[in-house]
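Asker: Residue numbers (numbering that gives the first Met the number 0), protein chains in the order written: chain A, 0 to 525; chain B, 0 to 315.
Honestly, the hints are just simulated from the structure, not real lab data.
Careful, some of the hints might be misleading.
As the list claims (entries may be wrong) - From the structure, some residues in chain A lie toward chain B, with a derived Cβ separation under 10 Å:
1. I11
2. L13
3. L15
4. M23
5. F65
6. K379
7. G394
8. S431
9. R448
10. L522
Computed from a prediction, not measured in an experiment: that's the story for all the values here.
Every residue, glycine too, gets a C-beta built ideally from N, C-alpha and C.
Each chain is listed here by its residues.
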Amino acid sequence: MEFIRNFPLFSIVLSLFSGVLCTMLKGRHAKNYTAAFEGLLIAMTAAVLIYTNKEGASFTYVMGEFPAPWGNEIRAGVLEALIALIFLTVVFCSVLAGWRFLQIDVDESKLNLYFSIINLLTAALLAMTYTNDIFTGYVFIEILTLTSCGLIVVREIGRTTLAAIRYMILNLVGSGLFLLGVVLLYDITGHLLMVPMHEKILLIAESGVGMQPLTLAVGVITIGLGIKSGLFPFYLWMPDTYGWSTPSSGAILSAVVSKCYIFLLIKIYLRVIGTEVLGMVHVPRILFVLGIFGMVFGSLSAIRKKSINRMIAFSSAAQIGYIYMGIGLGGVFGYTAAIFQIIAHCVTKSLLFLASPRLAEVSGDSLLFKNLQGSAFRAKWAGGFFIFGSLSMIGIPIFAGFTSKLLFGLAGADCGQTSKFILTMLALAVSSVLNALYFIRTVIRIYSRGESGMKESVVIVPTAEGKIRTIRHGAEDDEKKYGAWSLSQQLTYVLPCLILLAVNLMLGLFAWVFVDLIERGLLMFF
Amino acid sequence: MKNGWQKFLDGEFDVMDFFPEPAEEPDLSREAVKEIRKEENRRIDEDPRTRKVVAFERRSFRIIYYFVAVVSCVVFIGVMLYGVSFLPRYGQENAWAAEVSRRYIEKGLEETGALNIVAGMILDYRAFDTLGESHVLFTALVLVMVLLRRDKKNQQSEVEDYYTIRNDAYFRTAGDLILSKTGTFLVPCILVYGLYVLLNGQLSPGGGFSGGAVMGAAMIIFAASSGFDRVDRFFSLKLSSWVTFAALGFYSFAKGYVFFTGANGIHNGIPKGTPGAILSGGLILPLDVAVGVVVACTMFGFYSLFRRGRIGGSGK
């Protein structure tokens with residue numbers, strides 16, 4: 000067996016160990032260690048991606064001496080490796096770019112705990128992506144749930160505690176429902192590994208005995224993971240959760256954590272339940288409708304917001320609606336579009352969540368639109384990142400958002416039902432217009448100097464001793480004066496964001512490479 | 000005279016100003032929000048008609064809320080019961096789905112060397128899940144530390160501090176005699192029992208999680224009956240984190256080694272031991288000890304953090 004096949008195991012176990020190790024280090028060392036370690040993980044995952052792509056087949060890896068169906072297993076194919084690579088890249092960039100804000104938001108004595116949480120979260124992400132066992136999925140869902148609450152609460156302002164409690168309650172409901180589903184599936188099939196479970200489920204569907212618990216299990220798992228990822232009626236926790244947490248956390252939560260649940264759901268649908276059985280219990284139809292509702296209502300909620308972070312958070316609800324619409328359309332095209340949207344949104348939303356806090360920082364730490372007047376001139380890089388992110392969200396060609404919308408259109412045309420096709424096209428059109436409405440409005444706001452913008456405001460300047468509040472007079476557009484950053488600080492913020500932007504452009508310009516990879520990965524699922 | 004577009008660009012008005020948004024001013028401080036609420040309530044109270052309307056709104060919202068909550072719970076319970084009624088009855092073997100469990104029962108002893116099949120299942124057959132599960136506990140400890148450990152942002156008020164110190168001092172000097180004597184008598188017994196449960200994990204029901212919980216409970220009883228000062232003498236944050244680090248590090252690497260050798264078809268060279276003896280079950284005993292130590296530290300850490308916001312002495 001080639002040595003490269005061990006890399007998924009190494010990356011999961013080493014991430015778990017790094018989580019423990021970081022509690023022993025000092026804050027700054029923990030950050031350097033985490034950055035280096037994430038780099039190593041990215042290299043290993045890229046190697047797995049290249050290897051599986053070259054082999055043209057996925058491989059399973061037995062965890063221990065006991066093969067399936069008795070022991071645990073993980074599985075790596077092109078799709079798993081690609082998703083893991085994107086997730087890791089986003090986590091890496093978010094942590095580095097948010098480092099400046101972390102130093103202000105998180106108490107110095109707890110910085111190492113933050114990186115411990117990040118490492119445990121990475122382990123959970125990787126394990127959930129690679130797992131070939133439905134119960135392993137549940138165990139790492141637990142870690143992911145806990146760590147994501149930790150990412151919110153670490154800022155220690157009253158609002159984050161409140162947001163974390165809300166998020167935790169909803170998430171635990173989701174975990175509980177997922178666990179009920181796993182128990183039901185185990186009871187009727189007697190297996191926890193995905194492949195033997197799938198065989199038993201096919202037999203059940205053929206004989207028709209035990210269809211009621213199976214239907215119930217599918218429904219409960221869908222609702223459970225739907226709550227966790229923010230499916231249409233369950234998206235109202237998003238703004239508090241994403242909006243108040245420290246920028247790295249906001250970017251990671253919105254971009255990676257919710258997508259990881261969706262990827263697990265797709266994996267369960269395709270590898271455990273199977274598309275035919277899924278169609279028999281009418282899940283795709285329901286997800287299609289809920290996805291479209293999410294697209295429209297998420298955007299409508301976003302339009303009404305007066306704070307930039309809450310607006311971006313609600314736009315996540317709309318984007319997650321796209322993914323569920325893709326799952327609802329079904330077929331290779333539908334799932335390809337859904338997974339491409341996962342990747343595209345992952346890269347774009349993290350960029351937006353990293354740009355907005357910098358814009359707020361030069362506007363007196365205010366996230367309100369009325370105070371952000373002209374802030375892009377005060378923070379030029381952040382303004383640039385925000386405008387590119389917005390263009391991708393709206394779906395302008397050469398950015399990732401355009402390709403994903405194109406793929407959704409193709410999937411709608413391919414699904415074979417005229418009513419579904421028309422609904423998809425209508426939903427795409429309405430949602431794009433709504434997206435454009437609130438993103439363009441924000442871009443105009445931050446790029447117009449304005450006479451009656453902030454003439455006077457409180458500006459918070461981070462210094463070595465901590466934060467110092469200074470009063471700003473007049474509408475000068477000088478980045479150097481307000482919240483001035485040294486060159487190294489600029490670089491740690493700008494370079495990771497540039498990486499995210501480059502990935503975004505690659506997804507737009509060389510879209511077919513990625514679409515090809517995703518399709519090949521999907522075919523390996525069966 | 001400026002036109003509308005110019006005004007929009009200058010930030011004099013926003014398009015979305017037409018949509019009034021209910022009470023959400025994210026930039027305001029807590030005091031300011033309280034003031035706004037107070038002002039709102041005062042205005043409502045002034046006018047008897049609005050007061051009536053608001054009271055009606057609140058009452059009807061509450062009724063609808065409770066009604067929907069109860070109905071959805073009842074519907075969910077009904078659906079679950081309906082689905083579960085199709086499952087095999089309790090105690091009846093489901094031959095259809097017994098392939099895996101039968102193998103665990105029939106071959107478990109031979110393959111894992113553990114008399115206790117459950118220990119063999121969680122620490123050998125499905126060891127990867129348990130590796131994750133023990134890190135769930137560690138994650139919880141980290142989160143409670145983030146949430147409760149005192150730092151510059153998370154300070155007790157002086158009054159609370161005063162009472163904590165006074166209470167501790169009271170219990171140290173004139174602690175309840177019956178409590179402390181009973182504690183001194185009970186704690187060693189509980190610790191020995193915890194160790195027994197821990198070390199017999201591969202032979203009888205028990206193991207790391209339950210044994211560790213018993214040992215943690217013993218330490219909590221000790222701290223509660225004889226005061227934190229005596230615990231601080233031997234249990235500090237440094238010790239706790241080193242023990243957790245060593246135990247979980249050992250766990251990760253031992254299991255990583257077993258996974259690696261198992262998957263690559265290399266003989267791992269871990270002796271299984273005589274079934275029934277204390278040294279049996281391969282890695283199960285050392286892993287149980289590692290898990291038990293982590294659980295005990297976590298339990299006591301929770302108690303200590305909830306009680307006074309730190310683990311171990313103040314370091315002064």
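Asker: Compare the structure with each hint and give your call.
Answerer: Going down the list of hints, with the structure as the test:
1. A hinted interface residue such as I11 (chain A) counts as satisfied when its beta carbon comes closer than 10 Å to some beta carbon of chain B; here the least separation is about 9 Å, so the hint holds.
2. Given hint, L13 (chain A) at the interface with chain B, holds; its Cβ is 8 Å from that chain's nearest Cβ, closer than 10 Å.
3. Against a cut-off of 10 Å between C-beta atoms, the interface hint on L15 (chain A) holds, since the closest Cβ of chain B lies about 5 Å away.
4. At a threshold of 10 Å, the smallest CB-CB gap from M23 (chain A) to chain B is about 6 Å, leaving the interface hint in force.
5. Taking 10 Å as the C-beta cut-off, the interface hint given for F65 (chain A) holds, the closest approach to chain B being about 5 Å.
6. About 19 Å separates the beta-carbon of K379 (chain A) from the nearest beta-carbon of chain B, more than 10 Å, and the hint is not met.
7. Interface hint at G394 (chain A): violated, since its Cβ lies 21 Å from the closest Cβ of chain B, which is beyond the 10 Å cut-off.
8. Taking 10 Å as the C-beta contact cut-off toward chain B, the hint placing S431 (chain A) at the interface is violated, the least distance being around 18 Å.
9. A distance limit of 10 Å between C-beta atoms decides the matter here; for R448 (chain A) the minimum to chain B is near 8 Å, and the interface restraint holds.
10. Given the 10 Å rule on beta carbons, the hint for L522 (chain A) is violated: about 25 Å separates it from the nearest Cβ of chain B.
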